[in-house]
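Q: Sequence:
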Amino acid sequence: MSSYAQSYRRAEEDPSGFWLEAASALAWDKQPTQGVDDSRAPLYSWFGDGTLNLSVSALDRHVAAGRGGQAALIYDSAVLGLKRSYSYSELLEQVAKTAGALAGLGVGVGDRVLLYMPMIPEAVIGMLACARLGAIHSVVFGGFAPRELASRIDDAAPAAILTATGGVEPNRRVEYLPTLAEALRLSEHTVPHVLVTPREGFATGLSDVDESVPGTRWHDAAALVSAAPAAPPAVVPSTHPLYILYTSGTTGAPKGVVRDTGGYGTALAWSMRNIYGVGPGQTMFTASDVGWVVGHSYIVYAPLLVGATTVLYEGKPVGTPDAGAFWRVAAEHGARALFTAPTALRAIRKADPQAELVGQYDLSELKAIFAAGERLDPDTAAWTAEVTGKPVIDNWWQTETGWPIAANPFGLDPQPIKLGSPTLPVPGYRVRILDAFGEQVSEPNAEGNIALELPLPPGALTTLWGNDERFVSSYLSAFPGYYASGDSGYLDEDGYVFVMGRTDDVINVSGHRLSTGAMEQVLASHPAVAECAVIGVNDPLKGQRPSGYVVLKSGVELSEEELAPQLIALVRKDIGPVADFKDVRVVAALPKTRSGKILRKTMRQIADGEDYQVPGTIEDASVLDTLIGVLRPARD
2 MSSYAQSYRR
12 AEEDPSGFWL
22 EAASALAWDK
32 QPTQGVDDSR
42 APLYSWFGDG
52 TLNLSVSALD
62 RHVAAGRGGQ
72 AALIYDSAVL
82 GLKRSYSYSE
92 LLEQVAKTAG
102 ALAGLGVGVG
112 DRVLLYMPMI
122 PEAVIGMLAC
132 ARLGAIHSVV
142 FGGFAPRELA
152 SRIDDAAPAA
162 ILTATGGVEP
172 NRRVEYLPTL
182 AEALRLSEHT
192 VPHVLVTPRE
202 GFATGLSDVD
212 ESVPGTRWHD
222 AAALVSAAPA
232 APPAVVPSTH
242 PLYILYTSGT
252 TGAPKGVVRD
262 TGGYGTALAW
272 SMRNIYGVGP
282 GQTMFTASDV
292 GWVVGHSYIV
302 YAPLLVGATT
312 VLYEGKPVGT
322 PDAGAFWRVA
332 AEHGARALFT
342 APTALRAIRK
352 ADPQAELVGQ
362 YDLSELKAIF
372 AAGERLDPDT
382 AAWTAEVTGK
392 PVIDNWWQTE
402 TGWPIAANPF
412 GLDPQPIKLG
422 SPTLPVPGYR
432 VRILDAFGEQ
442 VSEPNAEGNI
452 ALELPLPPGA
462 LTTLWGNDER
472 FVSSYLSAFP
482 GYYASGDSGY
492 LDEDGYVFVM
502 GRTDDVINVS
512 GHRLSTGAME
522 QVLASHPAVA
532 ECAVIGVNDP
542 LKGQRPSGYV
552 VLKSGVELSE
562 EELAPQLIAL
572 VRKDIGPVAD
582 FKDVRVVAAL
592 PKTRSGKILR
602 KTMRQIADGE
612 DYQVPGTIED
622 ASVLDTLIGV
632 LRPARD
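FYI, this note's numbering numbers position 26 of the sequence shown as 27, with every residue one higher than the one before it.
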């Protein structure tokens, strides 16, 4: 039996014993003796009698072990031409002093701190400082619009916000302070303190927003931190929330995924060694953003928990300055693993199809390239493997799970790669294929709903912030005893997982999960729109892109050329530029069932050129016939 098979079977037969053993990789104040706690099933928890502080596992213990001089964090800003390395000792000092600055403003155990930050060291330091205090951080990606940011402020009710004057893109600078000030004015919750990291070259500074929001004080973060004492680590239960991370693209009441402390740390440490093959003194380059789950797990926490070096990259896969940017960073910093999204690999291929730039860099230290965030298409995987000479390893997971559900265990027992599959279920995850009635599909290659048998392993979400009922109804009620992933797919005869697509209205745009329902809500707010539908259309570069179809209210005389720019601007304002919403068409009617449900899946199949069947429940088949000519050009 292979080491993977042995690990998987042990985790399946004795989950508490398997994960208690894995938990020894962390520095506990009180070592746990209890594995899974099912007393509140289906709300499970892990290591309920253990106590710890995760910043100690990530920083203090490595310094105490005599490795304080090793590089912990390398900041590489391709957009500014800046590079800086922080040793473990230096990073610990900055984290402790930042925690001291927050504590001086009254932030303590259980308080929430929202971060609205670009890819700069202060973002990583701020997250770790919250962990040190036992405060719960909530990072919001800097591309979100004021209204989206305000909804997260109201839901998390933070005691403080950490931000910067702005973010730097290849061709522009994004001012953060006006957006944040507007979000604070829109929110019902009053945030008493905002700490601003100053950056050069931005038009709006502290003095411009100082008294712009009643009840909010704006502080120079650098000045506060430099004067603050170092804060000691707060010991918290393993089950204490470490962070809230909102699933992207939501409107109204957002879904805040809650991650615990000890279970998450245990899962990440295990995955670094056994999935990614990275350990002490080695370097991991995760080309993501700290606003997404990949950034939380594999830029900030996981590399530091195992004593590795993590690279914080401020730049793009292309254009900063060229499509060799990732290869340059990997070579320069001796990365053993490169983790990115398939859309980045497609962008690199588009800009450098002959891979001329790869040969300019020494990638001898690089052992594997990992991809996640959306389906890795076989063509992109094969091209990347060919031009780099490295294995390209897909892995499948979600914001909710926090670490891979299915992956090739590269550090434990590499398995043969099957293009189009993220390989096998990770030990701890019991992947099942269910039919519409919740019955398990036993035949291989039979597609159904991908579900995970409860309890989930350590590291997965424990609930939604402030709403256990919504957690159960959103994920656990469709198939009792299972977590519903929202994806469809199948297991082949070798047990390999194949993920085929979403079963709900979430699409993947350049690795960002966005709700088409949220976009429809924005379109429907326009006074000229009677009803609308947004579908995700396959895109060779970005995975998917949203395409909108609107029906005008009776009597409205507005051309498509006049309306489309207005609708595009609305989505950009309310959802943000990450939605990449650029395509919208005016149609006479939308295809529906007799019960009034819009046939979005059928529309998407037509747009993507797939085979489709007209449902017998359709109200008027002629409506679909008239749309075919509009839908098919959407993929061109």
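Be careful, since some hints might not be right.
[Unchecked claim] Only pairs whose alpha carbons sit at most 30 Å apart, straight line, appear in this in silico DSSO-like list of lysine-lysine:
| # | residue 1 | residue 2 |
| --- | --- | --- |
| 1 | 84 | 31 |
| 2 | 593 | 583 |
| 3 | 98 | 84 |
| 4 | 368 | 351 |
| 5 | 602 | 583 |
| 6 | 317 | 593 |
[As the list claims (entries may be wrong)] Simulated DEER-style distance windows between Cβ atoms:
| # | residue 1 | residue 2 | range |
| --- | --- | --- | --- |
| 7 | 3 | 233 | 26 to 34 Å |
| 8 | 218 | 322 | 20 to 28 Å |
| 9 | 363 | 629 | 18 to 26 Å |
| 10 | 354 | 612 | 50 to 58 Å |
| 11 | 191 | 454 | 14 to 22 Å |
| 12 | 613 | 583 | 38 to 46 Å |
| 13 | 66 | 15 | 25 to 33 Å |
| 14 | 15 | 445 | 45 to 53 Å |
| 15 | 215 | 611 | 23 to 31 Å |
| 16 | 13 | 574 | 30 to 38 Å |
| 17 | 233 | 191 | 56 to 64 Å |
| 18 | 173 | 629 | 26 to 34 Å |
| 19 | 4 | 39 | 46 to 54 Å |
FYI, nobody ran anything at the bench for these hints, they're computed from the structure. Yeah, the Cβ is synthetic: ideal placement off N, Cα and C, and Gly gets one too.
Q: Checked against the structure, which of the hints given earlier come out wrong?
A: Hint check: 1, 6, 7, 8, 9, 10, 11, 12, 14, 15, 16, 17, 18, 19 fail, others pass.
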